[in-house]
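Engineer: Those protein sequences? They're chains A and B, same order as listed.
Going letter by letter, the first sequence gives residues 85 to 451 in our numbering.
Going letter by letter, the second sequence gives residues 5 to 367 in our numbering.
Check before you lean on any hint, since a few could be wrong.
[As the list claims (entries may be wrong)] Below are the DSS-like pairs computed for lysine-lysine, each with C-alpha atoms no more than 30 Å apart in a straight line:
1) A:Lys327 x B:Lys267
2) A:Lys86 x A:Lys327
3) B:Lys267 x A:Lys367
4) A:Lys135 x A:Lys327
5) A:Lys86 x B:Lys267
[Claimed, not checked] If you only want the chain A side, here are some residues facing chain B, beta carbon under 8 Å, derived:
6) Ser105
7) Leu178
8) Val410
Hints are computed from structural coordinates only; laboratory data are not their basis.
Keep in mind that this is a model prediction, so the values were computed, not measured.
Beta carbons: idealized from backbone N, C-alpha and C, even for Gly.
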Amino acid sequence: VKLGLLELRRRPFRFAVAGASLLLLSVLLLFLGGLLDGLYLGSTGLLRAQKGDLVVYSSASNDSLVRSRIDPELRSVVDGVEGVSSTGGLGVALVGGRVPDRDELANLSVTGFELPVASMPSDVALAPGQALADRSLEAAGVEVGQTVEVGSAATPIEVVGWVEDTDYLQQGGFFVEPSTWRLVLGQSRPDSNLPEGTFQALVVEVDPGSDPTAVADAIDAATAGATSTLTIDEAVQALPGIKEQNSTFSAIIYVTLFVAGLVVALFFALLTLERVRLYSVLKAIGASSRQVFASVVTQSVVVAGLSFVLGAVIMWLLTLVLPAEVPVALVPSRLVQTGVLLVVMSSLGATISLRRVVRVDPASAIG
Amino acid sequence: VRFALLSAAVGLLVFLILFQQALFGSLLLSFTGALENQSGTVLVYGAEARKNLAGSVILPPQQQAVAAVEGVGASAPVGEATLTVEAGGDEVNASIFGFTPGGPGEPTRVVDGRMPTGPTEALASKEDRDAGFAIGDTVTSVDGDVAMQVVGLTERSRYSVSPTLWVTFDGYVALREAANPDATAVLPSVMAVVPAAGVSPSVLAERITSQVDGVEALTRDAAVAESPGVSATTTSFNLILALALLVVALVIGFFFVILTVQKTPSLVLLRAIGAPSWYLVRSVLVQIALVVVAGVVVGLALTFAAVSAISAGLPISVDGTTFAVLVAAVVGLALVGAAFALVRVARLDPASVVDPEGRGAAS
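Only chain A is shown next, with the shape it has when bound in the complex:
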């Protein structure tokens, strides 16, 4: 192992092939992962931020929030189901907002809510015409105290505070009390207008100790199939494109990881070929196959680790210059996962050389 590390220190250029390739592959992996996370986080914040356990849609909506409608009658049926602790109406209007002193409109997800989300105080109370804006809207110039003109009817709404990680379908969360949301929806989207008391969906808090899945089934049974009740995780997965995004990007990420392993395998196979004589000498003076092989694997781990760290730095710099429309998010768990997988794949790649290392004959050291 020490011999391997010593060689890495003294002849780093020898490992430039593998290092540079792994560096590029690291950037590629982190970019793909960052894009996947950015798309996921920017689309699902509204649902992930809910403190409730279940989301109730009308069954005709195919689990789409904007197409769903729950009227007061249906809500009262849900309220009466055993295991339901409380319900809160929820609705969105995806519109543009005119921010003072900005030419570009901000993309807003104007959200009417009754139950506070994770980043709100539990006693939050908004007056009509007031909003809590998602921090992501700061990039669009939104500030506390401003009045944003919302939708095609330019409904004036004053920003009175912030919420975090609540974006929906890549539009910035803009939380208002229900009548303000209903006004914006009716004025800007007359074809989506909903009457007083009707929401697009309900967020349900279940009684402590109740099984949310069982309560979901009970709700759908009580409404005779007029509703489709999902857990928060199921609701997130039901959002348009989320599953497809996940499977497509994951497939590309795994192919890239496989290529990384192959690059390392190729490199160390060549390196081992070059060193058969050296290894035979090492074995002749007492080194075991295990020691020689450990040295090769150590080198692959160090090269992969260093390449990944450098790749992460480059990726971070890249996020600073990428246009805001590219939704890349560097999430710590993704960094760790990618780093570990890259090192593991590199180690696996290096094991390709194991057979050749084991077969080196110490006697060949003397010809």
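With chain A held as given, fit chain B onto it using these hints.
Structural biologist: Just chain B now, with coordinates in the frame of chain A:
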């Protein structure tokens, strides 16, 4: 073995590049094919929609103002909405386009059947014909109140990666009202416009934007390119492509440099016994060509296998021209990557055969 390994690595990289491009092209087409393949060469959006068809509405005074702009040859309303419909016994999300038959905004790639003539007829995307959208099938609103018979099929005209139905504007209004009985009005999403003779779409688009309050007019090409998500997807995929191409050049380049260094004594000996430089360079070039060709064949085979195996709601198709360009780029970059090795071979000094270390490369 070493050449097989390298060919396999190049093959996987070629697969990565080609598959991503096939995915990218198909994704864009499924996102915006309907905009690309309709007859309006100018599309007028509500300004607050930020070029997002789903978020756009055109108010009645704006419709009249657009029609009155000098240089407008014809204009017609186009509505778009994603609705749940029942097709083939299943409830599915479909993108519904309402248009005026014979007017701007009608689909241009009808490949089978005919145009709808009334509010109970529809054109469907050919890609979804096996999912209850074939000619003769009936598609209904979820409550069953509105029924549409498929009378024709379009190609390359999907929108938002969903089955896409083209119906008359009356049919569109009926479907939207069935989806939300509380709707106070069903307005067009955009106005599709054809310029008068002698007026270019770009000039007309600028004129409409400047003369009509609260609208943003775009040429058809701009509407496609600037659709939400399209430029972000394009930037992302281009970055991924550039990185993958760089890795190809790097892998091939370093492989042949290592090979050259490893074989230097033999190559110097060949030079010393009279083999000319070009002969050795040609040999290395042949090796590179064989490795790259084998890699491209492997990559193409993997790509075609993956394209035919994967569907996941997105019909992936292969564009021959794009593939040819990418394969040419891979071959070109492989040569660039290997240039260092070729230069090294070309500069070998035959006299260095007497060097006991056998380091024949000119330094």
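Engineer: Can the restraint linking A:Lys86 and B:Lys267 be considered satisfied, given a maximum Cα separation of 30 Å?
Structural biologist: With Cα atoms ~29 Å apart, A:Lys86 and B:Lys267 stay inside 30 Å; holds.
Engineer: Is B:Lys267 within 30 Å of A:Lys367, Cα to Cα?
Structural biologist: holds, 25 Å
Engineer: Against the 30 Å threshold, does the CA-CA distance of A:Lys86 and A:Lys327 hold or violate the hint?
Structural biologist: Roughly 46 Å separates the two Cα atoms, so the pair is violated.
Engineer: Taking 30 Å as the top limit, are the C-alpha atoms of A:Lys327 and B:Lys267 close enough?
Structural biologist: The given pair, whose Cα atoms are some 51 Å apart, is violated under the 30 Å limit.
Engineer: Is the Cα-Cα distance between A:Lys135 and A:Lys327 30 Å or less?
Structural biologist: holds, 23 Å
Engineer: Under 8 Å is the threshold here; is the Cβ of A:Leu178 close enough to any Cβ of chain B for the hint to stand?
Structural biologist: Result: holds, 6 Å to nearest chain B Cβ.
Engineer: Go through the hint on A:Val410 and say holds or violated, using the shortest Cβ distance to chain B against 8 Å.
Structural biologist: Hint on A:Val410: holds, closest Cβ of chain B at ~5 Å, below 8 Å.
Engineer: Let's test the interface hint: is any C-beta of chain B closer than 8 Å to that of A:Ser105?
Structural biologist: holds, 5 Å
Checked against the numbered hints given earlier, the structure breaks hints 1 and 2 and satisfies all the rest.
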